[in-house]
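Engineer: What follows is each chain in one-letter form.
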Amino acid sequence: MSSKDLRKGLWISLFVLPGLALVVSVILVPLFMSLFNSLFAWKQLLRQEYIGFDNFAKIFGTEPYRTRFFNALGNNLRWFVATMLVQNTLGLLFGYLLSRRIPGHGFFKRVIFIPVLFSIVAVGFLWGLYLKPTGLLNGFLRLMGHGELARAWLGQESIATFSIIAVNIWRWVGFPSLVFLAAIDNVPVDCLEAAHIEGAGEGRIFVRIILPLIVPAITVITILTIIGSLNVFEQIYTMTGLDGGPNFSTDAIGTLFYRTAFGSVDSGNPEIGIGSAIGVVIYVLTFGASILTLATMGSKEVEL
Amino acid sequence: MRFKRAVLLSVLALLMLASAFAQKTTINFWTWRPEDVEVYNRLITTFETANPGIDVVQTAHKSTDYNTILSAALSGGSGPDVFQSRAYGGLETFAQSGYMESLEKAVPELKNFDKAPLRGATSIKDGKIYGVPFASQTLFVYYNKAIYKQLGLSVPDTWDQFLANLEAVKKAGLQPIANGGKEGWTLEVMMGAICPNFYGANDFFNAVVAGKTNFQDPRFVAAIGKLKELTPYMPDLYMGVAYTDMQSAFINEQAAHFIGGSFEAGYFAAQNPKLDFDVFAAPVAKKGDSHYVSVYADGNFSMNSGSKNKDAAAKWLRFLAGKDTGNAFIKELKQVSAVPGVDTSPSPYISKVLSLQKFNTPYLMLVGFRYNQPTGSVLIQAALQGFMAGKFDAAEVARQVQEGIATYYEPFKKK
Numbered sequence: 001m002s003s004k005d006l007r008k009g010l011w012i013s014l015f016v017l018p019g020l021a022l023v024v025s026v027i028l029v030p031l032f033m034s035l036f037n038s039l040f041a042w043k044q045l046l047r048q049e050y051i052g053f054d055n056f057a058k059i060f061g062t063e064p065y066r067t068r069f070f071n072a073l074g075n076n077l078r079w080f081v082a083t084m085l086v087q088n089t090l091g092l093l094f095g096y097l098l099s100r101r102i103p104g105h106g107f108f109k110r111v112i113f114i115p116v117l118f119s120i121v122a123v124g125f126l127w128g129l130y131l132k133p134t135g136l137l138n139g140f141l142r143l144m145g146h147g148e149l150a151r152a153w154l155g156q157e158s159i160a161t162f163s164i165i166a167v168n169i170w171r172w173v174g175f176p177s178l179v180f181l182a183a184i185d186n187v188p189v190d191c192l193e194a195a196h197i198e199g200a201g202e203g204r205i206f207v208r209i210i211l212p213l214i215v216p217a218i219t220v221i222t223i224l225t226i227i228g229s230l231n232v233f234e235q236i237y238t239m240t241g242l243d244g245g246p247n248f249s250t251d252a253i254g255t256l257f258y259r260t261a262f263g264s265v266d267s268g269n270p271e272i273g274i275g276s277a278i279g280v281v282i283y284v285l286t287f288g289a290s291i292l293t294l295a296t297m298g299s300k301e302v303e304l
Numbered sequence: 001m002r003f004k005r006a007v008l009l010s011v012l013a014l015l016m017l018a019s020a021f022a023q024k025t026t027i028n029f030w031t032w033r034p035e036d037v038e039v040y041n042r043l044i045t046t047f048e049t050a051n052p053g054i055d056v057v058q059t060a061h062k063s064t065d066y067n068t069i070l071s072a073a074l075s076g077g078s079g080p081d082v083f084q085s086r087a088y089g090g091l092e093t094f095a096q097s098g099y100m101e102s103l104e105k106a107v108p109e110l111k112n113f114d115k116a117p118l119r120g121a122t123s124i125k126d127g128k129i130y131g132v133p134f135a136s137q138t139l140f141v142y143y144n145k146a147i148y149k150q151l152g153l154s155v156p157d158t159w160d161q162f163l164a165n166l167e168a169v170k171k172a173g174l175q176p177i178a179n180g181g182k183e184g185w186t187l188e189v190m191m192g193a194i195c196p197n198f199y200g201a202n203d204f205f206n207a208v209v210a211g212k213t214n215f216q217d218p219r220f221v222a223a224i225g226k227l228k229e230l231t232p233y234m235p236d237l238y239m240g241v242a243y244t245d246m247q248s249a250f251i252n253e254q255a256a257h258f259i260g261g262s263f264e265a266g267y268f269a270a271q272n273p274k275l276d277f278d279v280f281a282a283p284v285a286k287k288g289d290s291h292y293v294s295v296y297a298d299g300n301f302s303m304n305s306g307s308k309n310k311d312a313a314a315k316w317l318r319f320l321a322g323k324d325t326g327n328a329f330i331k332e333l334k335q336v337s338a339v340p341g342v343d344t345s346p347s348p349y350i351s352k353v354l355s356l357q358k359f360n361t362p363y364l365m366l367v368g369f370r371y372n373q374p375t376g377s378v379l380i381q382a383a384l385q386g387f388m389a390g391k392f393d394a395a396e397v398a399r400q401v402q403e404g405i406a407t408y409y410e411p412f413k414k415k
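Chains as they are written, first to last, in this note's numbering: chain A, 1 to 304; chain B, 1 to 415.
For reference, chain A alone in the conformation it holds in the complex:
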């Protein structure tokens, strides 16, 4: 290695180091600490003897942990499916419409994106008020003469999770919209013009040309959706509380992890070992699913 290369390397390290230090101290160290903690038995807040993977075995095989864990994971799956189907489809639609420069597109672009900038806690709190039995939504339904559709949106087991997901979609749909808009705007105009001249309709152009060319954007959004769905916490915490009520119907692995590791007033004593193990499982799931998506979607990318 020449001294010039060495100098260049040193310069690069200099710029990378602060970021790296930050990542190591606030992400990597806690990650390995929780892996470490999950391999031990705990007596209240004190670490005891090494017990291998017993805490993990407990999550998957012992009641009540097993029921709670798979119930929570099921809700994370609901989050993923509903977000993919509704939010990202809407995002694609909005992105496409905005790229077609529909009348007032500048206005719509901003309106759709504004909720993304709101604090997640404020959104949860305000929508919590709107979704009350006597809140804005039920009031609106009654005003329209559809009082029979009024629900305890956050209190009815069958719909509570979907209510929270709907609020989150409202908040976040601007993000995929903008990503898809940017991706569609990047599709080379000559391709589109050529297709037009050949007589292809809008629908055909969208399916055969635009969609294949924005696969990288779809991959990014899919991975972000996976990560978001597995890590969902604040939305549930602000709207139905740490216990994932009613009757655990909105519980997700994020809230389950927090409750188990730190305890809550009602759930009683913290179980740090099991909580850490749940944390590690969340990490492995997120990482695994993201890699899998990257691998499968990557093969669908087309080069021009």
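For the record, the hints were derived by calculation from the structure and aren't laboratory data.
Chain B side only, calculated, beta carbon under 8 Å to chain A, not exhaustive:
hint	residue
1	Ser75
2	Gly89
3	Glu92
4	Thr93
5	Ser97
6	Gly181
7	Glu183
8	Gly184
9	Val241
10	Pro374
11	Lys391
12	Gly404
13	Thr407
Taking lysine-lysine pairs in the DSS-like style, the calculated list, with each CA pair at most 25 Å apart, reads:
hint	chain 1	residue 1	chain 2	residue 2
14	B	Lys413	A	Lys58
15	B	Lys125	A	Lys43
16	B	Lys274	B	Lys149
17	B	Lys331	B	Lys274
18	B	Lys323	B	Lys115
19	B	Lys170	B	Lys228
20	B	Lys115	B	Lys352
21	B	Lys212	B	Lys413
22	A	Lys43	B	Lys128
23	B	Lys413	A	Lys43
Covered by chain A, per the in silico footprint, the following chain B stretches (three or more residues, Cβ under 8 Å):
hint	region
24	227–238
25	378–387
All figures in this text were calculated on a predicted structure; none of them were measured in a lab. For every residue, glycine included, the Cβ atom is placed at its ideal position computed from N, Cα and C.
Here the structure of chain A is known, so what remains is to put chain B in place on it, guided by the hints.
Structural biologist: Chain B only, in chain A's frame:
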């Protein structure tokens, strides 16, 4: 040279002054009651006047975050010298982890405290006392006296009379009961207020704690079933009604009853000074039965075993175990102080609560079953939400609770 000496001298003087200030001991004191900061400030002023060498610095954390913040601080080796601690199972976490100092020697006043509140400050592992109990809470029914007067109702004795009152309020176009079920703990409170008179209060409590019976006892199942009879009188879409909605319905005189704990009264009175309310013990099955109320120790003041100022902390704890604190709890916070021998006559409300405590039974899950996961409270709260929403019946509530607790509770395993 002279200049240098002057500088040296003044630095020395400054240092001496600083050390004089440093000799004043600072006690850090944490609570989970941001609502009560002013009352504690007044107590601190009284204490500091009597103990000029000690500064007490109060920090109030949000109740729901308190345990997390406290355990992080204590396990990190910092943390306050004196802090509010939860009772029963919540005490156990910190006591068994060695973060609490046992107080029999430091606070001799504890000898005079009543057994019931001390139970919440005593570790079930080693039997030592780790806190100065501050208040007991009682669960019962609040009612709006003005509405009762207007409708010509009287305080119900039996369950049937209670239901008749609720029906009368409903007919008058008002909300009979403020309670909802969005937060599970408000349903557990409802159970604590209503059910003891149907499951046989202390007989059942003692039997189930000893493992002589279990939660599938027909008495318990029948008692849970009673709660369902209240649903026609609860708010529209009650499963979506949260705690704060319940409070505001009662405070704004939209609802005639509020099933809750003695801790509500201070807030009710402060929010609507014109609100004319009183309380009664939950109704009984048949005339002549005793009206039982669920009672529990609310929490304690504890000392950090790692505190560097244990003597000063002990002085502050002895003050918190004394009459000044007891009086402030009764007069200003409207709480039933655990300090023995405090005059309750200035507060008719506290006197009333104490008279209701004549027939008391421990608040079932909190006192008996909050020591392990899943706690009885977690189980009953979730199960009651399913039950009140109409998803399953009372027998299923009992089964879920029994099955969950039996995973760790030794007396249930032997059976």
